[in-house]
Structure formats: C-alpha cells, structure tokens
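Engineer: On the provided structure of chain A, position chain B as indicated by the hints.
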Amino acid sequence: MRTLIIIPAYNEAKSLPALFDALKKAPVACDIVVINDCSTDDTEAVCRAHGVRVINLPVNLGIGGAVQTGYRYAWNNGYDAAVQMDGDGQHDPRFLKLLLSRIQEGYDLCIGSRFIENEGFQSSAARRLGIRYFSWLIRFMTGHRFSDPTSGYRACSRGLIGMFAREYPKDYPEPETIVAAHRNKFKITEVPVIMNPRREGTSSITNLKAVYYMIKVSLAIAIASIRKGGSA
Amino acid sequence: MISPVLSIVVKVASILFFIFIINMVRIKKLELKYALTWILTSVSFVVMALFPETLYFIAGLLGVELPVNALFMSIIFLLIMIVFTLSLAVSRQALRIKTLVQEIGLIREELARKSIEEEQE
Chain A
1 MRTLIIIPAY NEAKSLPALF DALKKAPVAC DIVVINDCST DDTEAVCRAH GVRVINLPVN
61 LGIGGAVQTG YRYAWNNGYD AAVQMDGDGQ HDPRFLKLLL SRIQEGYDLC IGSRFIENEG
121 FQSSAARRLG IRYFSWLIRF MTGHRFSDPT SGYRACSRGL IGMFAREYPK DYPEPETIVA
181 AHRNKFKITE VPVIMNPRRE GTSSITNLKA VYYMIKVSLA IAIASIRKGG SA
Chain B
1 MISPVLSIVV KVASILFFIF IINMVRIKKL ELKYALTWIL TSVSFVVMAL FPETLYFIAG
61 LLGVELPVNA LFMSIIFLLI MIVFTLSLAV SRQALRIKTL VQEIGLIREE LARKSIEEEQ
121 E
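Top line first, the protein sequences correspond to chains A and B. Using our numbering, you'd call the opening residue of the first sequence number 1 and step up by one each time. Using our numbering, you'd call the opening residue of the second sequence number 1 and step up by one each time.
Pulled out of the complex, with its shape left as it was, chain A reads as follows:
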C-alpha cells in the first residue's frame, strides 16, 4: 500500500523538524509531502534540509486549499492511501500504523479521535463543548456518531482521495468532509489517538472567530448533508 503523508504548513519551520524526526522513526513506509501555504518563514528551507518533498503554493489558500493540494498530489501520483496530519506537532506519528490498518481493512476514512480513550491533550472546555455540538449535529444529520469531528489527523483510501482531489471545502473543512464522505457512501471509522498541545504557533481558530466558525460549519454540515451526489 503506497502511502502519502500530507502535512499542510503555514509558518511551521520551528515545529516541522521534530515531526520529521518522529516520522522517520515511525514503523510505516510512507512518502511525506509538505504543502507550504505561502509561509513567510523558513518552512521551505527546513523541508529541503530534511529531504522532504515540498509543494510551494504561490498564494495563501488556507487550510482547505492546502490539504486539497496534497490530495491532488496523492491522486496524480497513484497513492493507495493518504494521511493528513498537522505540522504543529499535535499529531503523533506513533498512531499512523493504527490509522492505516483500518484503511487496509477496507474503510475509506479513519479519523484519529481524542475522545474515545480521553487520553492526552483534551483541548479547552469551550472547544470540547463546540466539538460535542458538532458531533451531535453530525449525528442528527447522518445518524452516525463521530466523537472527534474536528480532528485533522485522518487517513483516507484511494477512493476518498479521488473525491477530495475533486472537491474539498475551503476553510474549516474537517466536520464538513465527514458528512460529505458519509453522503457519498464512503465507509468511515475512528480510532483512539493521543494528541499533544501544539508546540509552536497558535490555533487558526481564535476566540473572535469562534462564533463565525460555529455558524459557518453548522451551515456547511447542513448543506453537505442535503447535497446530492456531489461532495464538499
């Protein structure tokens, strides 16, 4: 199974080296590609120094556009599976094998969830409340429960890579893509993972944006669940 690790990165030069080192120790054979979303720091140089492939976007596209670039790369180069993980050190490569094992079993999407075993970094109380709300909304829309719908640590099958390569939401894509994948009859599962607090930088979701985020994602989930045929 040819596997690609997709790491979207915006100014992650400080946290990427540790991630690369951890990935090299991970017990899975995989290629790594970093999507440099028009960073203003040394993200590109750090990737080159570590011999990691890097796709430099000439314009900042935001998380959705960057991740989709990775899926298009995976699709064009014939990868059988792809794992997306954040460049800030929150996602531990130790769990790659577990995530990929589910893809090998025939699942199309395997989400790494913080809230199955409730171990490790659990995020702030406000965020957990927001995540539970999305979890409830997705269950209301799809009839399925996903404990960590905002997790950006997930593995995809070739089939789902194709769908994401064609269509992927622009910003805050995680909850919406679950509904779109479910709507298109892809098999989805989740496995417990332990996440770390981010080492460097700040979350893309600040308090000011939180309300906008909640409303936008709610709308996106609702639209995705009534959308016919198409996807995100």
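Honestly, the hints are just simulated from the structure, not real lab data. This one's a predicted model, so the numbers in the text were calculated from it and none came from an experiment. Some hints could be false.
Straight-line distance between alpha carbons at most 30 Å, and here's what the computed DSBU-like set of lysine-lysine pairs gives [as the list claims (entries may be wrong)]: (1) A:K24 x A:K14; (2) A:K216 x A:K97; (3) A:K170 x A:K209; (4) A:K170 x B:K33; (5) B:K114 x A:K14; (6) A:K97 x A:K209; (7) B:K98 x B:K114; (8) B:K98 x A:K170; (9) B:K98 x A:K14; (10) B:K29 x A:K185; (11) B:K98 x B:K28; (12) A:K97 x A:K24; (13) A:K170 x A:K14; (14) A:K170 x A:K185; (15) B:K11 x B:K29; (16) A:K187 x A:K216; (17) A:K170 x A:K97; (18) A:K187 x B:K98; (19) A:K14 x A:K209; (20) A:K14 x A:K25; (21) A:K216 x A:K185; (22) B:K98 x A:K216; (23) B:K28 x A:K24; (24) B:K33 x B:K98; (25) B:K98 x B:K29; (26) A:K170 x A:K216; (27) A:K25 x B:K11; (28) B:K33 x B:K11; (29) B:K98 x A:K209; (30) A:K97 x A:K187.
Structural biologist: Then chain B, alone, in the frame of chain A:
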C-alpha cells in the same frame, strides 16, 4: 410632482449612464455577460425618466400609492439582481483561482523533482 429642473437632470443623467455603459462594453472594459444586467438597468432608467407614465402605470398596477416608491422598489430589485450575479461571479473566480494555484504548486514540485533526477544521472 417632480420639479422641471430635477426632471431634466434625471433625463440627462439616465441617458449619459446608458451611453457610459455601452461605451464600457465597446472599449472592452466590461464583459458583455455582466453588462447585460447593467444595460437592462440603464434602459429602464431611461424609459422611466423619459416616460414617467410607465412608472405611474407600474405603480397603479401594483397598487403602490406613491409612484416614487415603485421606482425605489424596482431599483432595489435590480440592485439585488446585480449584486447576486457578482457573488456568483466571485465564487466561480475563487474556485478557478484556487485550482490554478494548486496546479502551479504541483507543477513546480514536479519540475523540481525532475531537475534533481537529471542532476543525479
């Protein structure tokens, strides 16, 4: 009733506006596709300015007491139409630009990989 001075101003302005729009299409600054809603708007301005009876007729037809309210209503309707077509256009452009940016990134990565392979040979 509308004052004679204002009446002339409105007539002249609406005709100038129509000429302005047509000229923008002529010198290819405005795409014909988006010009259509604007041409429609300016033509209706000209018609209403030159023949206010049409406005009274529309107002009577809709049961609007003040003809000027019928005017405001139709202008708001046209503006909403134009703004909406712009939103459609912007959405489509955004999607196209995103795809182009991704394609540039992918092609540049491929080029870089090819040149490394050639160096190694």
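Engineer: A separate judgement is required for each hint: does it hold in the structure or not?
Structural biologist: To see whether the hints hold, each was checked on the structure:
Pair hint A:K24 plus A:K14 holds up; C-alpha atoms about 17 Å apart against a cutoff of 30 Å. Pair hint A:K216 plus A:K97 does not hold up; C-alpha atoms about 33 Å apart against a cutoff of 30 Å. For the proposed pair A:K170 and A:K209, the alpha carbon gap of about 16 Å is at most 30 Å, so the pair holds. Annotation: proposed proximity of A:K170 to B:K33 holds, straight-line Cα distance about 27 Å (limit 30 Å).
A threshold of 30 Å between alpha carbons decides the hint, and for B:K114 with A:K14 the separation of about 28 Å falls inside it, so the pair holds. Between A:K97 and A:K209 the alpha-carbon distance is near 34 Å, which puts this suggested pair outside the 30 Å criterion. Proposed proximity of B:K98 and B:K114 is supported: the alpha carbons are some 24 Å apart, at most 30 Å. The straight-line distance between the Cα atoms of B:K98 and A:K170 is roughly 9 Å, inside the 30 Å bound, and the hint therefore holds.
Proposed proximity of B:K98 and A:K14 is supported: the alpha carbons are some 27 Å apart, at most 30 Å. Proximity of B:K29 to A:K185 is assessed by CA-CA distance (about 47 Å); at most 30 Å being required, the pair is judged violated. For the given pair, B:K98 sits about 26 Å from B:K28 by alpha-carbon distance, which is consistent with the 30 Å threshold. Between the alpha carbons of A:K97 and A:K24 the distance comes to roughly 13 Å, so the proposed pair stays at or under 30 Å and holds.
Taking the CA atoms of A:K170 and A:K14, the gap is near 26 Å; set against the 30 Å cutoff, the hint holds. At roughly 22 Å between alpha-carbon atoms, A:K170 and A:K185 fall within 30 Å of each other, so this suggested pair holds. For the hint pairing B:K11 with B:K29, the CA-to-CA distance comes to about 25 Å; that is within 30 Å, so the pair holds. Between the alpha carbons of A:K187 and A:K216 the distance comes to roughly 25 Å, so the proposed pair stays at or under 30 Å and holds.
A C-alpha spacing of about 28 Å is found between A:K170 and A:K97, which places the hinted pair at or below 30 Å, so the restraint holds. With a CA separation close to 28 Å, the supplied pair A:K187 and B:K98 stays within the 30 Å bound. Distance hint between A:K14 and A:K209 is fulfilled; the C-alpha atoms sit about 25 Å from each other, no more than 30 Å. Straight-line distance between C-alpha atoms of A:K14 and A:K25 comes to about 19 Å, which keeps the hinted pair within the 30 Å bound.
Note on A:K216 and A:K185: the hinted pairing holds, with a Cα-Cα distance of about 24 Å set against a maximum of 30 Å. Proposed proximity of B:K98 and A:K216 is supported: the alpha carbons are some 20 Å apart, at most 30 Å. Our distance criterion of 30 Å between C-alpha atoms is broken by B:K28 and A:K24, whose separation comes to about 56 Å. Using a Cα cut-off of 30 Å, the hinted pair B:K33 and B:K98 holds, with the two alpha carbons roughly 23 Å apart.
Distance check on the hinted pair: B:K98 and B:K29 sit about 24 Å apart at the alpha-carbon level, within 30 Å; holds. Note on A:K170 and A:K216: the hinted pairing holds, with a Cα-Cα distance of about 11 Å set against a maximum of 30 Å. Of the pairs offered as hints, the one joining A:K25 and B:K11 is violated, with about 78 Å between alpha carbons and a cut-off of 30 Å exceeded. Note on B:K33 and B:K11: the hinted pairing holds, with a Cα-Cα distance of about 26 Å set against a maximum of 30 Å.
Of the supplied pair hints, the one linking B:K98 and A:K209 holds, its CA atoms being roughly 23 Å apart against a limit of 30 Å. Straight-line distance between C-alpha atoms of A:K97 and A:K187 comes to about 18 Å, which keeps the hinted pair within the 30 Å bound.
When held up to the earlier numbered hints, the structure conflicts with 2, 6, 10, 23, 27 and fits the remainder.
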